[in-house]
Amino acid sequence: MPLLSRETLEKKFPVCHAFLRKTAWNDIVAGYLAEGPTRAFDRYLKEHEKELGDWDFLTDLARLEGIVEKVGRNEIRILSPDRSWAVNPSVHVEKVSWQGLPALFEEGEPPRPLPEKKEEAVLVWRHPISRIVMIRTASDADLLALKIAAEGLDYKRLAEEGGVPRGIVDAVMARAVDEGLIIAPRSRIRRHPEIVPPGVSVDDEFLESPFFTVQLHITQACDLQCRHCYDRSQRKSLSLKDGLVFLDDLADFCRDRRVRGQVSFTGGNPLLHPHFFEIYQAAVDLGFVTAILGNPTARENLERMTLIRKPAFYQVSLEGLEKHNDSIRGEGSFRSVLEFLPLLKEYGISSMVMLTLTRDNMDQVIPLGERLRGLTDSFNFNRLVQVGEGAALSLPSRGDYKAFLLSYLEALERNPVLGLKDNLFNIILHQEGKELFGGCAGYGCSAAFNFLAVLSDGEVHACRKFPSLVGNIHKANLADIYDSENAERYRRGTAACRDCPIRPVCGSCLAVMYGQGLDIFTSLDPHCFMEEAIGGSGVRGRTKITI
1 MPLLSRETLE
11 KKFPVCHAFL
21 RKTAWNDIVA
31 GYLAEGPTRA
41 FDRYLKEHEK
51 ELGDWDFLTD
61 LARLEGIVEK
71 VGRNEIRILS
81 PDRSWAVNPS
91 VHVEKVSWQG
101 LPALFEEGEP
111 PRPLPEKKEE
121 AVLVWRHPIS
131 RIVMIRTASD
141 ADLLALKIAA
151 EGLDYKRLAE
161 EGGVPRGIVD
171 AVMARAVDEG
181 LIIAPRSRIR
191 RHPEIVPPGV
201 SVDDEFLESP
211 FFTVQLHITQ
221 ACDLQCRHCY
231 DRSQRKSLSL
241 KDGLVFLDDL
251 ADFCRDRRVR
261 GQVSFTGGNP
271 LLHPHFFEIY
281 QAAVDLGFVT
291 AILGNPTARE
301 NLERMTLIRK
311 PAFYQVSLEG
321 LEKHNDSIRG
331 EGSFRSVLEF
341 LPLLKEYGIS
351 SMVMLTLTRD
361 NMDQVIPLGE
371 RLRGLTDSFN
381 FNRLVQVGEG
391 AALSLPSRGD
401 YKAFLLSYLE
411 ALERNPVLGL
421 KDNLFNIILH
431 QEGKELFGGC
441 AGYGCSAAFN
451 FLAVLSDGEV
461 HACRKFPSLV
471 GNIHKANLAD
481 IYDSENAERY
491 RRGTAACRDC
501 PIRPVCGSCL
511 AVMYGQGLDI
521 FTSLDPHCFM
531 EEAIGGSGVR
541 GRTKITI
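Mapping to the working numbering: the sequence shown position 507 is 507, numbers consecutive.
Hints in this document: simulated from the structure, not taken from any laboratory.
Errors might be hidden in some of the hints.
[As the list claims (entries may be wrong)] Here are the simulated lysine to aspartate or glutamate pairs, DMTMM-like style, with alpha carbons at most 20 Å apart: (1) 22 <-> 75; (2) 95 <-> 56; (3) 46 <-> 27; (4) 323 <-> 339; (5) 147 <-> 107; (6) 402 <-> 422; (7) 434 <-> 410; (8) 475 <-> 249; (9) 70 <-> 160; (10) 12 <-> 82; (11) 475 <-> 252; (12) 95 <-> 60; (13) 156 <-> 49; (14) 118 <-> 54; (15) 12 <-> 35; (16) 434 <-> 531; (17) 22 <-> 49; (18) 236 <-> 459; (19) 147 <-> 60; (20) 402 <-> 435; (21) 421 <-> 410; (22) 402 <-> 249; (23) 118 <-> 60; (24) 147 <-> 160.
Given these sequences and hints, build the entire structure.
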């Protein structure tokens with residue numbers, strides 16, 4: 001055992017040192033060192049508990065401090081398991097005789113009241129990403145997650161036997177993964193290697209998505225008649241039975257692909273579906289993240305929804321300032337949205353406003369962002385897709401669009417509600433040597449990658465904004481649809497982007513290309529200005545993408 005000194009003990013047991021008066025600490029340390037320490041400090045304290053008086057909890061506290069120091073010193077390599085969850089190898093579960101000891105490790109003055117004499121379990125571990133040593137009282141949920149991972153239990157069967165929704169167990173495991181107690185297996189939603197051009201370096205984590213989103217159009221019914229709507233076809237609404245069957249299939253898919261699932265309910269207006277709340281409840285019970293892409297709704301609908309669970313966000317749309325918006329979405333729709341946003345805030349629901357960008361409203365985007373400052377959490381835009389009703393509207397020229405993106409990035413520095421979504425922002429960021437962002441759905445064009453759209457009649461599309469049929473949930477399960485050659489073709493995108501240095505975070509917009517009559521598998525995004533951006537700069541082929 002290495003030689004110990006008073007200074008070494010003070011560094012190794014700072015919390016114990018803070019609780020003992022200087023003379024008491026000096027006496028205990030002197031006695032410990034005089035014996036020529038051959039046993040752990042906490043064992044020595046145990047043998048001298050009478051000398052600790054009201055602070056006899058320091059025996060357990062010293063044991064925990066020793067574990068914290070050990071975990072912080074031990075550089076255990078934490079790898080993602082191949083098949084199932086695994087317990088973080090740095091995790092220690094310690095049974096102590098005092099309740100409230102982890103609170104004593106918080107920074108600042110020793111908190112009061114002092115620990116109480118009551119047994120509990122304490123967790124100590126190193127977070128696999130932040131590398132910070134964590135300590136806290138173990139909850140029943142923590143211990144359940146550790147048991148499931150350690151023993152390889154079938155959590156689906158566990159939920160059934162326990163009579164609880166599967167989503168509760170999913171949430172327990174997701175929280176344990178987020179906090180680093182459990183190491184999740186690697187996602188099987190991975191990009192094809194050819195998405196990385198020669199000479200481009202991409203963080204490996206970026207090539208795989210931990211999430212999978214389904215935009216679930218449960219009805220075509222809508223209370224608006226927008227002039228840019230891309231689909232007013234007559235499709236029957238998804239039945240309650242078919243909705244429940246699909247959600248169960250989606251849960252199995254996400255479990256097999258080792259991803260967390262999100263269901264974004266939309267339509268039409270999803271709240272007009274007669275069984276919306278039953279389908280929403282089922283999605284929550286299965287553990288999915290939920291979101292709403294719809295129109296303003298009544299307070300009682302928000303009340304009912306939040307009693308089940310608040311959605312991750314509620315997205316509504318505006319098409320510019322009031323006059324222009326109402327000419328597109330209908331008289332009074334602007335005011336309706338502005339009155340609805342405070343209601344979302346009242347219920348603690350994150351809000352998002354989306355705009356469809358056209359030649360006619362491009363100059364209103366930044367002013368609208370200012371109007372929304374403080375009213376919404378995020379404001380984003382998509383370019384118009386010239387299909388359906390949108391075929392009658394126009395897009396800006398490439399030069400005008402580039403100028404708009406530059407002005408938007410300037411405005412973004414001043415207005416926190418402005419968000420980044422269009423992939424082409426990355427051309428400017430790349431040119432300026434700035435950090436790139438994930439693009440439209442986090443991975444450039446994510447059509448049929450970590451995203452699919454399911455329409456109310458069962459059709460599955462790579463992207464909802466244009467006809468991109470890859471299957472039908474009434475004819476095949478989601479795994480077979482996702483693995484189909486047709487879906488893979490959409491995932492690879494256009495060959496015109498293959499050698500572009502920012503391909504992993506861009507890949508053009510297939511929907512915009514389709515709307516302009518281009519071949520989406522060979523053509524270039526009509527607004528792309530990458531060649532202009534890199535002309536003569538020599539940056540092509542020397543790019544590192546870190547998201």
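Checklist entry - Going straight from one Cα to the other, do residue 147 and residue 60 come out at no more than 20 Å? => result Not OK: residue 147 and residue 60 at ~24 Å, beyond 20 Å, violated.
Next on the checklist: Next pair to validate is residue 402 with residue 435; report whether the Cα-Cα distance is within 20 Å.
Outcome noted: holds, 19 Å
Checklist entry - If you draw a straight line from the CA of residue 95 to the CA of residue 60, is it 20 Å or shorter? => result It holds: about 9 Å lies between the C-alpha atoms, which stays within 20 Å.
Next on the checklist: Can you confirm whether the C-alpha distance between residue 434 and residue 410 stays at or below 20 Å?
Outcome noted: Holds, at roughly 14 Å.
Next on the checklist: Does residue 56 sit within 20 Å of residue 95, going by the straight-line distance between their CA atoms?
Outcome noted: holds, 16 Å
Item to check | Pair hint residue 421 and residue 410, alpha-carbon separation not exceeding 20 Å | outcome: With a Cα-Cα distance of about 15 Å, the restraint between residue 421 and residue 410 holds, given a limit of 20 Å.
Checklist entry - Given the proposed pairing of residue 12 with residue 35, does the C-alpha separation stay at or below 20 Å? => result With Cα atoms ~19 Å apart, residue 12 and residue 35 stay inside 20 Å; holds.
Checklist entry - Going straight from one Cα to the other, do residue 475 and residue 249 come out at no more than 20 Å? => result holds, 13 Å
Checklist entry - When you check the alpha-carbon spacing of residue 12 and residue 82, does it fall within 20 Å? => result violated, 37 Å
Next on the checklist: So if I understand the rule, the pair passes when the alpha-carbon distance is 20 Å or less; does residue 402 with residue 249 pass?
Outcome noted: violated, 42 Å
Checklist entry - Are the Cα atoms of residue 236 and residue 459 separated by 20 Å or less? => result holds, 11 Å
Checklist entry - Does the structure keep residue 434 and residue 531 at a Cα separation of 20 Å or less? => result holds, 18 Å
Of the numbered hints stated above, those contradicted by the structure are hints 1, 5, 9, 10, 13, 19, 22, listed in ascending order.
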